[in-house]
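Start from the sequences, fold in the hints, and give me the full structure.
Taken in order, these protein sequences are the chains called A and B. FYI, in our numbering the residues of the first sequence are 14 to 339. FYI, in our numbering the residues of the second sequence are 3 to 363.
Please note that a few of the clues may not be correct.
Claimed, not checked - Taking CB as the label site, the calculated pair distances span:
1) A:R289 / B:T334: 21 to 29 Å
2) A:N47 / B:D36: 55 to 63 Å
3) B:E359 / A:A238: 30 to 38 Å
As the list claims (entries may be wrong) - Listed next, the in silico DSS-like pairs over lysine-lysine satisfying Cα-Cα at most 30 Å (straight line):
4) A:K278 / B:K350
5) A:K32 / B:K158
6) A:K89 / B:K85
Treat the hints as calculated values from the structure; they're not laboratory data. Backbone N, C-alpha and C fix where the C-beta goes; we use that ideal spot for every residue, glycine too.
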Amino acid sequence: MAAITLIEGVTQALAYEMKHDPSVVVLGEDVGVNGGVFRATQGLSDKFGEWRVFDTPLDETTIAGLTVGLAAQGMKPIAEAQFEGFIYPMMEQICCHAARMRNRTRGRITCPAVFRAPWGGGIHAPEHHSEANEHLFTNVPGLRVVLPSSPARAYGLLLAAIRDPDPVVFFEPKRIYRQYKEEVPDDGEALPLDVCFVLRDGTDITLVTWGAQVKECLEAADALAHEGISAEVIDVATLTPLDFDTIAESVQKTGRCVIVQEAPKTAGFGAEIAARIAEECIYDLLAPVARVSGWDVHTPLYRLEMKQLPSTARIVDAAKRTLAAG
Amino acid sequence: MPIAAKFEIEYLQYLDPEGKQVRKDLPDFARDIDQLVELYKLMVSTRVFDTKSIALQRTGKLGTYASCLGHEATHVGIGSALKPEDVLAPSYREYGAQLYRGVRPRDVYMYWGGDERGNDFQNEPAKHDFAWSVPIGTQCLHAAGSALAFKIRREKRVAVCTIGDGGSSKADFYGAINVAGARDLPLVAAIVNNQWAISVPRKIQSGARTLAQKGIAAGLYCIQVDGNDIIAVKKAMTDAVERARAGQGGSVVECVTYRLGDHTTADDARRYRGKEEVEDAWTKDPVKRLRTWLESKKAWNKKKEDKLQAECDDWMDNEVNAYLETKAQPVTAIFDYTFAELPADLLKQRDEAMALEKGAH
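Set out below in structure tokens:
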């Protein structure tokens, strides 16, 4: 078993499921011969042919609408938006149809589809290639919003997303697509879509995050450990539906929480987690909840891009201030 | 200068507004007078249904309703061109097509009466058709995606979407016909050109001389038909559907008709169009046109008409009663179809809503 990267985890999951379920199809721009601009669909066209690895015309609306139609006919389509910044034309089809079809028809027509997109900043890409916009989908009923942060979770969560009977928006943190490799058995074992993953146990403070920021949070936990501070790190992974119990359990233990998100601060998904802590765990808190996030600005072009992404130093600083507060 | 491409759009009409046959080459189905009588009956039923719907809305028993008055030939013609295994992706007005495929008037009343169960079509073949699609044009891509599924699975089935003249301005329409042309998908897009998109007339939707020719750019077969002549609609649609089924390519069929009523019951068309225009459109009434022709063939008369009207009235009364007698769903129904299996958080909200119902809060 070879060690693979996060993006190879995506490819491995797609190939596994296409091999075992003939109703699974992949569609998007450049997903065929080219294997996707990040190579997520590399080799699939050769294995499964041009109709199951379907290069669409260059129109995101078309990709999303075809996906709804395919799913309504019992296929399991996996649509690729080439970048999260190009997902906006797909939103009408995702929000008005994919997410609503089951409810609209009382279960007569469903939409078991996955909408994949490389997500987030930090790769020195042009404008509209580096957004963190997951919160635009977390407020849409009927959708699952998933962000894997490791090769194994990319594989297991994508398998679960494909098998889920409802639509899933699957954002892949492109900054860590090739960050490191790990061994991921190609055994078709899915991971649950209704749990947060506790990546590191700790007792003094809880760091809650998702996507590429998992990397910075783990680094921050290391740095804090050097100073004798024990930080627990939670990868939310599936934002909606949210497994708040895992977060609550941790906050009840540590009494402190820092939420780290790449997206702009106001009305980001971190706000939902903070609100839930206020509703359900406020008497467990020893200090106010802190948020480390992108500023409320557009993702800067790449010269200043890293100013927008929460750094390890900012997370460490927020954790220390939280500890100082109580 | 050499010509890079050239095209023309045929116009098809068998019956003129006075109900006179203008072509001798009637299609086979139209030579079978019983078939046309059946189509006529459904056109009349559709009109009686529509009149009843508006009366229900005006008396507070139905929410906002989009009338199909004047579209009977186009809608029934489209519905009758599909085979049961085909799939229809309508917008929100094509009741004639839907009734043909087994949607019940009570389903329509339920939907416009504020109950999602109206979309849970019970009868074949409507059972596997799409529900009403309110966001303009979006259903075209659902049909294209269905057509792609049929092509991938090598099924001899066709997907048909309907779209208005206004809707044909939308990206989803262009996207659907574009991919259908590029990949030879078994898709037929029927443009129901009723001249008005709420208050915006056809001429400022597009500079194209016909809406049918939009399909030329996509590489599809295109034709414009008199949408008030059901023989023309059914002929063009049947040809298009069977060509698509045979793997010979998709089509755009523009049915030129007229919206005789308001856009919906919340609209007042007098604000933006003149009385003369509407009076002129009534002279092209599709129902009267077919009746005149059937009468000229001795296939219809006043006695039959009276009997049909009475039957339609009975049918609609029965359907209206079924609708009015259906109790609202319990509050839990607003949760239960959000996901296949409700997540824990949503179950908690569901419990909260149930407790509120019981007055526990």
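TODO: Kindly confirm whether 21 to 29 Å is satisfied by the beta carbon distance between R289 (chain A) and T334 (chain B).
DONE: holds (23 Å)
Open item on the list: K278 (chain A) and K350 (chain B) were given as a pair; does the straight-line alpha-carbon distance stay at or below 30 Å?
Closed with: holds (28 Å)
Task: Range hint 30 to 38 Å (beta carbons of E359 (chain B) and A238 (chain A)) holds or violated - done: violated (51 Å)
- [ ] Given the hint that K89 (chain A) pairs with K85 (chain B), test it: the Cα-Cα distance must not exceed 30 Å.
- [x] holds (25 Å)
Open item on the list: Between the alpha carbons of K32 (chain A) and K158 (chain B), is the straight-line distance 30 Å or under?
Closed with: holds (25 Å)
Open item on the list: The hint says 55 to 63 Å between N47 (chain A) and D36 (chain B); measuring C-beta to C-beta, is that right?
Closed with: holds (57 Å)
Consistency note: the structure conflicts with earlier hint 3 alone.
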